[in-house]
Amino acid sequence: MAGEAELVRLTAAQLAERLDRREVSSVEAVRAHLDRIASVDPDVHAYLHVAGERALQQAEHVDRDRAEGRAASPLAGVPVAIKDVLCTLDMPSTAGSRILEGWVPPYDATPVARLRSAGLVPLGKTNMDEFAMGSSTEHSAYGPTRNPWDLTRIPGGSGGGSAAAVAAFEAPVALGSDTGGSIRQPAAVTGTVGVKPTYGGVSRYGSIALASSLDQVGPVSRTVLDAALIHDVIGGHDPHDATSLEEDWPSFAAAAREGAAAGSFEGLRIGVVHQLDGAGFQAGVRQRFGEALKRMAERGAEVVEVQAPNFEYALAAYYLILPAEASSNLARFDAVRYGLRVDPGDVTVEQMTALSREAGFGPEVKRRIILGTYALSAGYYDAYYGSAQQVRTLVQRDFDACFAQADVLVSPSAPTTAFPLGEKLADPMAMYLNDITTIPANLAGVPGLGMPIGLAPEDGLPVGLQLMSPAREDARLYRVAAALEAVLEAEWGGPLLDRAPALGLHGAGGTIRSTPGTAPAPGAGTEPDGGTA
Amino acid sequence: MAAPNATDVLLDYDEALAKYEPVLGFEVHVELSTATKMFSAAPNPAAGDDPAAPNTAVAPVDMGLPGSLPVVNAEAVRYSISLGLALGCSIAESCRFARKNYFYPDLGKNYQISQYDEPIAFEGSVEVELEDGTLFQVPIERAHMEEDAGKLTHMGGATGRIHGADAALVDYNRAGVPLVEIVTKPIFGAEHLAPQLAKAYVATIRDIVRSLGISRARMERGNLRCDANVSLRPRGETRLGTRTETKNVNSLRSVERAVRYEIQRQAAILEAGGSIVQETRHWHEDTGTTSAGRPKSDADDYRYFPEPDLLPIRPSAELVQQLRAALPESPTQFRRRLQADYGFTDSEFRDILNANVLVELEETVGAGAAPAQARKWWLGEILRIANARGVEPGSLVSPLHVSELIALVETGELTDRLARQVLEGVVAGEGSPEHVVKARGLAVVSDDSALLAAIDQALGEQPDVLQKIRDGKVQAAGAVIGAVMKAMRGQADAARVRELVLERANA
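Protein chains in written order, with the numbering used here: chain B, 84 to 616; chain F, 22 to 528.
These aren't lab readings, by the way, just hints derived from the structure by calculation. Watch out, some of these pointers could steer you wrong.
[To be verified] Here are some chain F residues pointing at chain B (derived, C-beta under 10 Å):
1) G69
2) P72
3) G85
4) P91
5) Y123
Bear in mind that the values here come from a model prediction, so they are computed numbers and not experimental data. Glycine included, each C-beta is placed from N, C-alpha and C at the ideal position.
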């Protein structure tokens, strides 16, 4: 039997194989991850809630079923972490907000219910920016998550908890939600994989809404195949979500395996979006991005530059549409039926609601509610919300034009590597600019995949690549990404995360890096910059 | 909210009409009787008879729980299209839901899912028949789909009203009940018949939704709710006057009275040189007055925007055609057909219309009663109780029960007198006529031996009567019959008693 340290480093696919061969039990796998959480999470703070006992019980149940020849799915027994934006019957669901502290929903979100039906075992709920508003997880009401690559830096956001949990081997896979990059940007800065599916590809039922027309739930993992395996489980039509697509989806895992086996990009037209090509981005990000393109070109891809002139306005449009929808979605937090209630007595219900929202919402949430309320107001609607919707249409047309010339579009996932905690907290605009590359996909509803492509030479921190395909063509992303992953890992001699610094046992003196770029580089010959190929 | 204002100055109605032209407008909310709610699978209380315990007929989306999502009830859409067609409206090829944002504790999400700039039905016209047989066309602007809100109950405090209450309880059972709101265009030309037109219009909408089978249409239960807009303009003026919107008008009689009241109240203000405040007003059934509600301006900002959780509704041409083909006759056609079928005179029929029991009568006949009997009961005992209580006859008893009652009389199980007692029991909620008969022990005594015993006793007590009968003075039997009926506490068939008395005397 594998030791605990080895168990937590297995991918979901590897773990599933061992579970299937009964070389390891789900209880052992869950216990290994719970021990890992106990040892590193005091530093990382990826989790808001760990359901230890319950997870072990569920693991026992899965083991019993498997022993009786009734494994729910090939992934039965694999542990999973759940972003706190998703409703869970047996765990509090706060969306990182004080206003929902301790609230346990009477239902599971559909993606969670599907994971459970497939026998996956939820370990707990992961940290996030309050109501998914942010790019650093610093806007969580329960304190920030730290980047496992450098505990002084942000893990991205809003899904920093899920990305950090996976990067720190506190879970093999996790669920995230992506409204403007909340899965892909954390993946970029933690060296993990994250997918925002086609809008409507995964049910939003039970996902606490930020912006309904942009939100999409998706997988977070360390490998492309693992993301595909989870996507296969959580995706597909759900009658509880009217915007859920009634598609017959192909197997994404099959697409990923095909791509990895081929290891080639023959016949693939890759479009580099001129407006997202990295001008003005961090040098190391641009360098790794260029190298990744080169690898694909060397193996048969045709790389073309495409134009998306309206992407310039995407950020502005996004920051009108999102707050507008959010101001309405968050109106339900009124202290009448659930959640935080501030009631000094002798006040009207209106005053009670106002006091509760004042105390329960953080500054970023208030900022966006005010923005959105203003954007929807009579007399301003056409100028703000109306214009933003027009830009959205133009962005969609830009995508159509680009996809006429290319099969997939690529860009860096984020402009920079992980920045230090606190650096952009006082400057909302700088924070918003983090999502400049990821937002267009949400506005158009097309799928986007973020994956690691190396470490930036100047700070030794992960750099991510974003792949985008036409709506409903999620399988294409998995095929291409798995191929690129195979090429890069062959060059690196293993996964990028092997190069992440070891996290110390809690209380036993960790290896917290206080300054960037001081981690001992792995052997120079295997520097994951592709330079040795 | 101000208390009902008994000190409103009213101008004489005829004088008001001489100086001002009334312009009307109506917003009628119809609760659809689909099995489930507009956006959830929770049972729809507007389809049932017994109210569920508070907050039991709810799904997560009705409570506005985080993460819950609405899903459109396809049956409600079909009902709405049928209603739109019956109102002579065009049906939108594509329409959307929108969010109407405002904070109120009975609204779980703090926004109502409604339709704003894209209603499902628009531009129609409804034919309304007034008491004298005049037909009036009411122009319809739109009919749109939306969800109902929950209900607040204010607890404690001195007034029982919102202000001064100590606490409020919220019941979300009604939240999410499917509604269609029917909005008229301004209605001109009703003149002195304006109050009557108001009543006839709402009655027509009620008859339409009932004949379509899309709503229980019980006004007293809020299945059908009317907001009446009234404005006046001086004779010769072409611009519209400032309007008020009177809410909470929950019976046909009240609609008529409220419109009349507003005309007289507004006229008095204008006559005194004052101006009308644009506001909602609340109708008070007990005092027959309206009082000021909240000020309402056209600039109320609900921050409408398209509901992102729902896709546009695109009814197929086939569906619309199919629903159009299935439309029942209009209320006017319905009336004409019934009058001919039942053979009622014009005056008999007008009485039925005025009492608002046509639909009840038709359903009673449909359940097996003879038209003349049905008319006798609805315009007789039932109308008498309704008038005494100031309610609609239809709210007292169901047509099915009336037809059962009539059948019991026909078969001789009840006398008319007993049947009236049974009706009392049914109205009091004691159950079906059969049930009341059993529970109250009201069946006619048809056991001859019991009757004969009573007859023998009566004859024994009045020997002179026996002799008179034997002498051929048959009318003398009346005294004995009376005594027997008294002994049987009325529960005997007097004709049978008479037969037996004569048999006995001549034996």
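Q: Taking the numbered hints from earlier one at a time, note which ones the structure violates and give those numbers from smallest to largest.
A: Going through the list in order, the structure violates hints 1, 2 and respects the others.
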